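Going down the list, the sequences are from chains U and P.
With the first letter of the first sequence counted as 1, position 26 gets the number 25 in numbering that gives the first Met the number 0; the numbers rise by one all the way through.
With the first letter of the second sequence counted as 1, position 66 gets the number 65 in numbering that gives the first Met the number 0; the numbers rise by one all the way through.
Don't read these hints as lab results, they were simulated from the structure.
Remember, it's a predicted structure, so these values are computed and weren't measured experimentally.
Be careful, since some hints might not be right.
Each computed DSSO-like pair below joins lysine-lysine, with the alpha-carbon atoms no more than 27 Å apart [said to hold, decoys possible]:
#, chain 1, residue 1, chain 2, residue 2
1, U, K233, P, K211
2, P, K194, P, K319
3, U, K128, U, K77
4, U, K221, P, K315
5, P, K84, U, K229
6, P, K110, U, K225
7, P, K315, U, K187
8, P, K194, U, K225
9, P, K201, P, K308
10, U, K234, P, K84
11, P, K84, U, K225
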Amino acid sequence: MMKNIKFILAVVGLTLALGASAQSQGQMRLNEYLIINTSDFQDDFGQQNSWFEIFNASYGTVDIGGCYLSDDPNNLKKYAIPGGDVLTAIPPRQHVLFWADNEPNHGTFHVNFDLKNAKEIIFTKGDGKSIIDRIVIKDIYRDSSKANISFGRLEDGIGSITGDGEGWGELAVTSPSTNNAIIDKAAKPERMKSIDPYGWIMAVTAMSVVFVALILLYLIFKQIGKANIKQANKKSANAAARNNHPEAAVTPAGEVSAETYAAIATALHLFIEDSEAHDEESDVVTQRHTDRTYSPWSSKIYMLRQTPQVNKRN
Amino acid sequence: MNNIVENLQQFWQYTGFANCNFQYLIMICIGLTFLYLGIKKEWEPMLLVPIGFGIIIGNIPLFAGLKVSVYEEGSVLNILYQGVKQGFYPPLIFLGIGAMTDFSALISNPKLLLIGAAAQFGIFGAYAISLAFGFDAAQAGAIGIIGGADGPTAIFLSSRLAPDMMGAIAVSAYSYMALVPVIQPPIMRLCTTKKERLIRMKPPRAVSPTEKKLFPIVGFLLTAFIVPSGIPLLGMLFFGNLIKESGVTKRLANTASGPLIDIVTILIGLTVGASTQADQFLQLRSIWIFIIGACSFVIATFAGVLFVKFFNLFLKEGNKINPLIGNAGVSAVPDAARVSNNVGREYDPSNYLMMHAMGPNVAGVIGSAVAAGMLLGFLG
């Protein structure tokens, strides 16, 4: 039985872990690409080639090792991103750049196709079937007039899933391996101070929210309390009716006064006194010495192991 | 012989005496004062003793590179300090608080929740004052949370909004929490008439176990949906309360409200104290933090008491609330409630306000966590 429970827990744990990992991989986004590269970013070999960028839109590190990249919908497994490379673990909200130079021998981040001829870029999970992201490449960016101009999501990870339309556009500057829109880390507090230099807006807004939250809680528990009292009264009325003592149901539950409690306590005390249910105490406290010095440390129960059992096969 | 003298000279350079300056001595004196207040006066000893000793630990003069300072990566103190820096001690404390807190007083008279909300004016009053004194919005938010009178919340928020000011903010918050019996009574007397102080409140009704079980679930769902950024604190608070009230997880509740909270209290107190190293702590802005922190407690107390007076205008005779429990809207549990009770009994020795004051007191814990979530959402 115990074995079964452990097995079930292990399977559930594994499933959840795999599910979580798969869910994170699902948040990887093809983010930006550049086809004609004549004076833009160079790779480690000093070459200027087409490139595309993938963005980890999740808030956890995602390992894309074992996933696939392709420009051919009929061959989703065209380029397998090598597993076991620490660089394929993409930190949260970070980017990774792939060179589409058809030179897979140049390293993990050089794929075996070129964007100049590609119609689309397809990013697939390790099963080679589930597509994580897929964008269609715009033909106009194959033209020399669009040299060194990249096309991508105007804000990292945000935009339509087709690679065009909402959220996509020509970027003012190419931004390989970095944010497509520059985010100022200190923007929030600074913006807050600029629109609310004295703190009144914050005070009114936040206090309103605090009050709303607690007022809602108050209203809910007021109703729950009322329902509870009503139910208790009903129960006490039913019990009184069953015992033919309707007067017992007069005091609503939850509104028993302190005097009532005092009267009940006094009545009980007097009853016990009168009925001599409680005997007189001697008021003498004694301690009986015992010679048995029991301690779990010296107990054989904790010392002895269970006798080993040999399972004999018949 | 020369070698021995050289060795001794070198050893002297390693000692605290050789590296000492007056700043360290001031901080050690502050630590000793905390210990005095905690041990001799018994003011919040659970907090002031670990923090006071932590201040002394953090201010033993030493030279860099020994890998013992709280700010040196990999040192034992630094590893323990990660719970403060990364903000995982405060939610664990909230788990324990939840497992220790009986929300019955609040459930039986839920309108007391509103007092807990009103007292959060202290946070936003301090926020506005901090902005006026030139702090940026994130720093102002971190300083403002002192007004919530909740140490773990103050540490949690300041570790995210202004990590460099966390030591001063935490020490300020805990100091004023210890000083609640000194700060609040004069304000309570100032804002109330003798007649108001003698108001007797209706005894709380009996709360059913079902209501107690429902409270953490409904409370969490409601507050977390409104302020998701407060989930670490609110989630742990209400979860702690659920394991207490569910009746089937007694062992978990005992651990959360006993050994776990004790361990985390020791670690948080000691490391927060140790983080107040002289060069980080003895700055003009720390003085401002202490001054604004005091103002925030004063504003919170005024707001709580005055709100009850205002609220009483709408309540029928017999249902009125004694304004002396208004101060308990700050979340210094149960000290603020104890102050209400003591001040109330000064005027009517048979008027016990403790249980009534526990309502706004625990509502203050929820309110300050919601307010912290708001500040984190806007400024984080």
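Results for each hint:
Annotation: proposed proximity of U:K233 to P:K211 holds, straight-line Cα distance about 20 Å (limit 27 Å). In summary, the hint linking P:K194 to P:K319 is supported, as the alpha carbons are separated by about 12 Å, within the 27 Å threshold. In summary, the hint linking U:K128 to U:K77 is supported, as the alpha carbons are separated by about 12 Å, within the 27 Å threshold. Our distance criterion of 27 Å between C-alpha atoms is met by U:K221 and P:K315, whose separation comes to about 17 Å.
Taken as a hint, the P:K84 and U:K229 pair is broken in the structure, with Cα atoms around 49 Å apart against an allowance of 27 Å. A distance of roughly 13 Å separates the Cα atoms of P:K110 and U:K225; the hinted pair therefore holds under the 27 Å criterion. Proposed proximity of P:K315 and U:K187 is contradicted: the alpha carbons are some 46 Å apart, above 27 Å. Of the supplied pair hints, the one linking P:K194 and U:K225 is violated, its CA atoms being roughly 31 Å apart against a limit of 27 Å.
A threshold of 27 Å between alpha carbons decides the hint, and for P:K201 with P:K308 the separation of about 17 Å falls inside it, so the pair holds. Pair hint U:K234 plus P:K84 does not hold up; C-alpha atoms about 53 Å apart against a cutoff of 27 Å. Simply put, P:K84 and U:K225 have alpha-carbon atoms about 45 Å apart, too far for the 27 Å limit, and the pair is violated.
Comparing the model with each numbered hint stated earlier shows that hints 5, 7, 8, 10 and 11 do not hold.
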